[in-house]
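**Student:** Protein chains in written order, with the working numbering: chain V, 1 to 173; chain L, 174 to 346.
Careful: at least some of the hints might be erroneous.
Straight-line Cα separation of at most 35 Å, DSBU-like style, residue types lysine-lysine; simulated pairs [claimed, not checked]:
hint, chain 1, residue 1, chain 2, residue 2
1, V, K22, V, K149
2, L, K195, V, K149
3, V, K151, L, K306
4, V, K151, L, K278
5, L, K195, L, K278
6, L, K195, V, K22
7, V, K105, V, K149
8, L, K306, L, K322
These are calculated hints, taken from the structure and not from any lab test.
Computed from a predicted model, the values in this text were never measured in an experiment.
If you want the building blocks of each chain, they are given just below.
Protein chains: 2
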Amino acid sequence: MIYPSAEERMELAITLAGNNIKNNGGPFGAAIFEQYSGRLVAPGINLVLQSNCSVVHAEIVAIMLAQQRVANFDLGAEGLPDYELVSTTEPCAMCLGAIPWSGIKSLVCGARDEDARSIGFDEGDKPDDWPQKLQSRTISVTRDILRDKAKAVLQQYIDAGGIIYNGRLQPTP
Amino acid sequence: MIYPSAEERMELAITLAGNNIKNNGGPFGAAIFEQYSGRLVAPGINLVLQSNCSVVHAEIVAIMLAQQRVANFDLGAEGLPDYELVSTTEPCAMCLGAIPWSGIKSLVCGARDEDARSIGFDEGDKPDDWPQKLQSRTISVTRDILRDKAKAVLQQYIDAGGIIYNGRLQPTP
């Protein structure tokens, strides 16, 4: 499948997030594409609740699947096309740390970090200038693609009574 | 198996790292224990090279296995004992970000971040005060347990001609 534009790629990630809510998962979707051809390489959904595993955020799942598909732990390896990670919400501290190791060349985000925080999700301790830090590693960052639609999926999760698990459950106050 | 002291727990993680080098893996080991009883819950080794997956650092593997074992994505959930993650080298930015989501209550490290950097491994963009940041999330941090021995495993990897892959291969200059 070919997804030519950033918006079409984000639409897919948002659809994955919405479907995941229906399957009792977290409201986050992602996908990895060949950056220039737009070919879909791997989808990702947040599988924390379904898998009993705090690690499997949507971005992590997409990275793991893409690396299996190309049989390389480095999506930036010589001979491979450039890859782009599209995520419905800006990455948490863990996913942000995973991005440089993955070899992707481009990150495209929908909802902002603060959109996730505003409904109670913890995004972790990220450097304020994280987009610049990725860019200094020659990973491009594009923000706010279909932000309102990506935010709406977060709200949909809350409205459906989804729990805020933050990777882990919140201690009761 | 019971590992009463921090040193005994670190010895196990160092042994895992050493064995992993012999199996063509990266020089990093980890393990999760019940913090107070010292019972081993899950080992972890860096499986990046063997699995074609940049995500599976030793700490991540230990967290994933421990959560499967207790069938909970939150090792800090009510009714569970406190869990401790022991790692031969201080966590990279990704693993650091994964720790608060995992629910562990204690982190014990061997080699320092700069010991890994000094042989060429990239640890990512971490806040300088990362131990304080974990502690402010009520996760205790203990450093320098068998640091020299943990450093020696890193050196052993280099001496054996191990590649510095940094999650991803370094671009050739």
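**Student:** Look at each hint and say if it fits the structure.
**Tutor:** Outcome of the hint check:
1. K22/V <-> K149/V: The given pair, whose Cα atoms are some 17 Å apart, holds under the 35 Å limit.
2. K195/L <-> K149/V: Violated, at about 50 Å.
3. K151/V <-> K306/L: 28 Å, holds
4. K151/V <-> K278/L: 32 Å, holds
5. K195/L <-> K278/L: 31 Å, holds
6. K195/L <-> K22/V: 45 Å, violated
7. K105/V <-> K149/V: Judged against 35 Å, a Cα distance of about 25 Å means the pair holds.
8. K306/L <-> K322/L: Within the cut-off at roughly 27 Å; holds.
Hint compliance for this structure: hints 2 and 6 are broken, all remaining hints hold.
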